[in-house]
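Novice: First to last, the protein sequences are chains A and B.
Sequential numbering from 7 applies to the first sequence in our numbering.
Sequential numbering from 7 applies to the second sequence in our numbering.
Treat the hints with care, since some could be wrong.
[To be verified] Beyond 10 Å from chain B on every Cβ pair, some chain A residues (computed):
id : residue
1  : Ala45
2  : Val47
3  : Thr148
4  : Ala149
5  : Pro293
6  : Gly305
7  : Gly315
[Claimed, not checked] Label-pair restraints from in silico Cβ distances:
id : chain 1 : residue 1 : chain 2 : residue 2 : range
8  : A       : Gly266    : B       : Val112    : 20 to 28 Å
9  : B       : Asn247    : A       : Ser73     : 37 to 45 Å
10 : B       : Asp70     : A       : Gly316    : 42 to 50 Å
11 : B       : Ala24     : A       : Gly322    : 40 to 48 Å
12 : B       : Asp190    : A       : Asp190    : 36 to 44 Å
These aren't lab readings, by the way, just hints derived from the structure by calculation.
Glycine is no exception: its CB is placed at the ideal position from the N, C-alpha and C atoms.
There are 2 protein chains.
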Amino acid sequence: MEKKDLTLADVGEFGLIARVTAGYAASEGVPLGPGDDAAVVAAPDGFVVATTDLLVDGRHFRLDWSSAYDVGRKAAAQNLADIAAMGARPTAILVGLAAPADLPVVVAESIAAGLAAECQALGCSVVGGDVVRSDALLLAVTALGSLEGRDPVRRSGAVVGDRVVVAGSLGGAAAGLAALTAADETAPPDLLSAHRCPSPPYAAGPMLAARGASAMIDVSDGFGADLGHLLRASGCGAEVNAGRLPRHAALSGPWALAQGEDVRTGWVISGGEDHALVATMPSGAVPAAIAALAAVGLGLSEVGEVVAGGGIRWTGLPPGVPEPGGFDHFRLAESR
Amino acid sequence: MEKKDLTLADVGEFGLIARVTAGYAASEGVPLGPGDDAAVVAAPDGFVVATTDLLVDGRHFRLDWSSAYDVGRKAAAQNLADIAAMGARPTAILVGLAAPADLPVVVAESIAAGLAAECQALGCSVVGGDVVRSDALLLAVTALGSLEGRDPVRRSGAVVGDRVVVAGSLGGAAAGLAALTAADETAPPDLLSAHRCPSPPYAAGPMLAARGASAMIDVSDGFGADLGHLLRASGCGAEVNAGRLPRHAALSGPWALAQGEDVRTGWVISGGEDHALVATMPSGAVPAAIAALAAVGLGLSEVGEVVAGGGIRWTGLPPGVPEPGGFDHFRLAESR
């Protein structure tokens, strides 16, 4: 039998685990990696940051739209971005894979390679996991991180007068999803890539935390929805200039321009899964934060101000833009 | 609409999370619980122990055989037992729930209550999670723990001459599963309960670690299979007296006796999911460990000795007992 024809049923649970963990390099800060009842991860300041997410085949990813490798990278990225949004540095992930017995082993191995690659770029690693049989393919990722002695940056710390800043770019993932949904083959590859595998500005999390961020969240449901979560937790509102939101570069190209300003702005304001970081911080802290992020190649945009009251007051919003909203997995009709 | 008729589609992802986390009491050692991008859990000695497991409806549990509450308790228990098997004390769990939109909210709430109850008895808590829509019900649980300054007890530390000890009891879960599979209504409720929700001897993990355990594993695949994992990792073998294995009390009752000695012994040696703890330790350390566990109401049985070579040499095995083996999720034909 050729390797490409091997299924999980052929190699078995333990065979798959042996194949996958063989590619996982040990990393600093992991005294004990995969292979025992549990892993041991360093938590030098005496605290560990932890978050978990599920990704379901056909809803959170499609293997006909994304490579298995990109599915793995994206699964890691969305969890690692949650760690960054606390102002922490990712240290390790754990992965559960539920898969049909006839899943080709190469698919499982490619997912595992994508997970490892996204971690490795951050100096963290895959330290544990589980493999079970199920009718549908599903990934469960848990990420751990270190605050390095800082306080966690919660959603609830914004105060009136703080500036609203965004690290990373918005709208690319939604535009890519729209192009894939419409089977529009003229769309720029960069937008398809933005949907298949986000590029969260991980380093911005700890840097903004160290430079006075009062609240922070990552954009998974959409900028408007996620800033809304932050504002509700903080008990205040915000005035946001939609024209200042950092758009994905490819949204300025001819394909995106042809979709119309309302559609483009909708992607930027309401599109999810870019995993940009939205933070609030005192206005005096913004210039130093911009300079610090620029020094490591990351942009930081000041897009608005925290105000009394609740919700978001938009300025700079073109006419015809849909009401900014978020995403609820059980309520919306769209498959996602 | 009555509360019992509410589905996940009615309350939505955020509604369910709000309902479920409302019941989660904060615990010591959790500076930041559910509700932000990530939780923060104390790791006082600078290390965190972490493990993850998936449970699939129809394979790892059946809602017609177990209450949703017991499904939650079992999902927590099997992960918390992995933490104990490292010699660590559980500190927190994170839970992913993948569920059909028409799942009654009361089922999700009962699962969540079971998870919380199993944690609460140990002074740990549910600190985070995720809810997504999927065709099948699945739980992904990650457990964290603290070594409290001790070294982790790995599978690989057994040395020739060590004794093999077992905390907790064996065979109850397999007997209960057999009774449920056969729809045998004459089986003792205690055995059904042992399948529905294990009672791992959590406290034995840190106690055995503190008293010189050289290697440890929890029984999830079966005593023979899991001791086999430990011995392979340690590069040695063991001689085990099957007659000394601590059987579940209800295996001495008339129902179990009527199943035949070969069947009963098979449950004890090869049955999974009891989450007893199997450890190796120097013979001189055994009496003090037995006394220490007895003082907190836990039994510890000396069942054999680590020897040179590989595999398990059985003594005290009744004739007709099937070859001890383990469980591989993809290879075996049984639905599990």
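Novice: Run every hint past the structure and note whether it holds.
Specialist: Hints, verified against the model:
no., hint, verdict
1, Ala45, "violated, 5 Å"
2, Val47, "violated, 5 Å"
3, Thr148, "violated, 4 Å"
4, Ala149, "violated, 8 Å"
5, Pro293, "holds, 26 Å"
6, Gly305, "holds, 21 Å"
7, Gly315, "holds, 21 Å"
8, A/Gly266 x B/Val112: 20 to 28 Å, "violated, 45 Å"
9, B/Asn247 x A/Ser73: 37 to 45 Å, "violated, 53 Å"
10, B/Asp70 x A/Gly316: 42 to 50 Å, "holds, 46 Å"
11, B/Ala24 x A/Gly322: 40 to 48 Å, "violated, 33 Å"
12, B/Asp190 x A/Asp190: 36 to 44 Å, "violated, 59 Å"
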